[in-house]
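*Asks:* If you want the building blocks of each chain, they are given just below.
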Amino acid sequence: MSTSIPEAHHDVAPGDEHGPADISHAIRGYLVGLALATLLTCVSFYIAQSTLVWQPSIPIALSVLALAQMGVHLVFFLHITSGPDSVNNVMALAFGLLIVMLLVFGSLWIMIHLDHNVMPMQRLMQMQR
Amino acid sequence: MSAASTAYLGVAGRGHAQALTEEPEHGPSKRIVVAYGFWIFLISDIILFSALFATYAVLTDATAGGPTGRDLFELPTVAVETACLLLSTVFCGFAGIGAQARRSGMYYGAMAATFVLGATFVAIELHEFASMIHLGAGPGRSAFLSAFFALIGCHGLHVTAGLLWLLTMMAQVYAKGFRADILRRLLCFALFWHTLDIIWVALFSLVYLVGVAPR
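Each protein sequence line maps, in turn, to chains A and B.
Take the first sequence: its letters are residues 1 to 129, numbered as in our numbering.
Take the second sequence: its letters are residues 130 to 344, numbered as in our numbering.
Some hints could be false.
[Said to hold, decoys possible] On the chain A side, residues computed to face chain B include the following (Cβ under 10 Å):
(1) Gly29
(2) Asn88
(3) Met127
[Unchecked claim] Chain B residues, not near chain A, derived (Cβ > 12 Å throughout):
(4) Thr249
(5) Val251
(6) His256
(7) Arg270
(8) Gly285
(9) Met299
(10) Ala300
(11) Phe333
Honestly, the hints are just simulated from the structure, not real lab data.
Every residue, glycine too, gets a C-beta built ideally from N, C-alpha and C.
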């Protein structure tokens, strides 16, 4: 009886789990997410302080671990999945990520070029004397 | 079994007179529309943080001869903050489950745990800020520190606002019960709280850990 509830809508609200679920199943989802997030956090803290990873690549490694943990949070805590009932939520997030990437990498790109091409103020002052 | 799982599905309040007028015959339910709209707001909030984040990334080395991140950041403190926020986000999820299942004890207990952990996070962060300012490393010291305080402070303000919202949601459930409209607000609060933890993942990884890592 409980499984025969008609599927009136094909969408799911962000944050809601899709499909029927009981309490223990839902709690287990959060605990799996907690375990994965704790693991990734511990690896991040360990890598930042050890010589395990080649030092110039540490920021890249930490970025990758952070992205992975954000993915874990999105799937297990926010229930944003790749399922067909969550397409609208994923599309909104994808557009947001596009803007975020443009903002962050665009700013860094432009400012690093400025740093290379513009003469430091002190040397400019010396030349004017 | 069937009664419990039907209640959990979130079709709560269908029989409620108010719910009948709120939910249209066709199209998505009001729960989906409200949560989707709030999701759009949260994404714009993430974009706000990315602007502050880009500012910080550009100004990391602009220390004006003052202290750098390596001199100031204390990883054990950051680890405790991270643990507080991660556990609080899990308890926030438990509160949502408890509310859907109409289990008051689970709801209030999980919300209280979320509040205590969130408040601990804010207290530790305030203490960190105070000790930095005491060392002469306040937001006025260098462009790096201005960007740091703006970015981390903005997140701290969000968590503080979230704590006030959390208390409001506990009071609303106490006064009005697990009504459909209250459950929608609770879903929005849970989305907000989970998103703050996602932003903190970026902050502790790319501000604190990269700031301390050997170069």
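*Asks:* Would you say B/Thr249 is clear of chain A, with no C-beta pair closer than or equal to 12 Å?
*Replies:* With a cut-off of 12 Å, B/Thr249 remains clear of chain A, as the shortest Cβ separation is near 17 Å.
*Asks:* Would you check whether A/Met127 satisfies its interface hint, that is, whether its CB is within less than 10 Å of any CB in chain B?
*Replies:* Result: violated, 23 Å to nearest chain B Cβ.
*Asks:* Test the statement that B/Phe333 is away from the interface with chain A: the closest C-beta pair must be farther apart than 12 Å.
*Replies:* Given that some Cβ of chain A is not farther than 12 Å from that of B/Phe333, nearest at about 8 Å, it is violated.
*Asks:* Would B/Arg270 pass as off the interface with chain A, using Cβ distances and a cut of 12 Å?
*Replies:* 19 Å, holds
*Asks:* Checking hints one by one. Is A/Asn88 an interface residue toward chain B, by the C-beta closer than 10 Å rule?
*Replies:* 6 Å, holds
*Asks:* Any Cβ of chain A at or closer than 12 Å to B/Met299, or is the non-interface label fine?
*Replies:* Since the minimum Cβ distance to chain A is about 18 Å, B/Met299 lies beyond 12 Å and the statement holds.
*Asks:* Test the statement that B/His256 is away from the interface with chain A: the closest C-beta pair must be farther apart than 12 Å.
*Replies:* 20 Å, holds
*Asks:* Over 12 Å from every CB of chain A: does B/Val251 meet that, or does the non-interface label fail?
*Replies:* Given that every Cβ of chain A is farther than 12 Å from that of B/Val251, nearest at about 19 Å, it holds.
*Asks:* Would you say B/Ala300 is clear of chain A, with no C-beta pair closer than or equal to 12 Å?
*Replies:* 21 Å, holds
*Asks:* Far enough from chain A: is every CB of that chain over 12 Å from the CB of B/Gly285?
*Replies:* Non-interface label on B/Gly285 holds, nearest chain A Cβ at 19 Å vs cutoff 12 Å.
*Asks:* Should the hint that A/Gly29 touches chain B count as held when the rule is a Cβ pair under 10 Å?
*Replies:* 8 Å, holds
Hint compliance for this structure: hints 3 and 11 are not met, and every other hint is.
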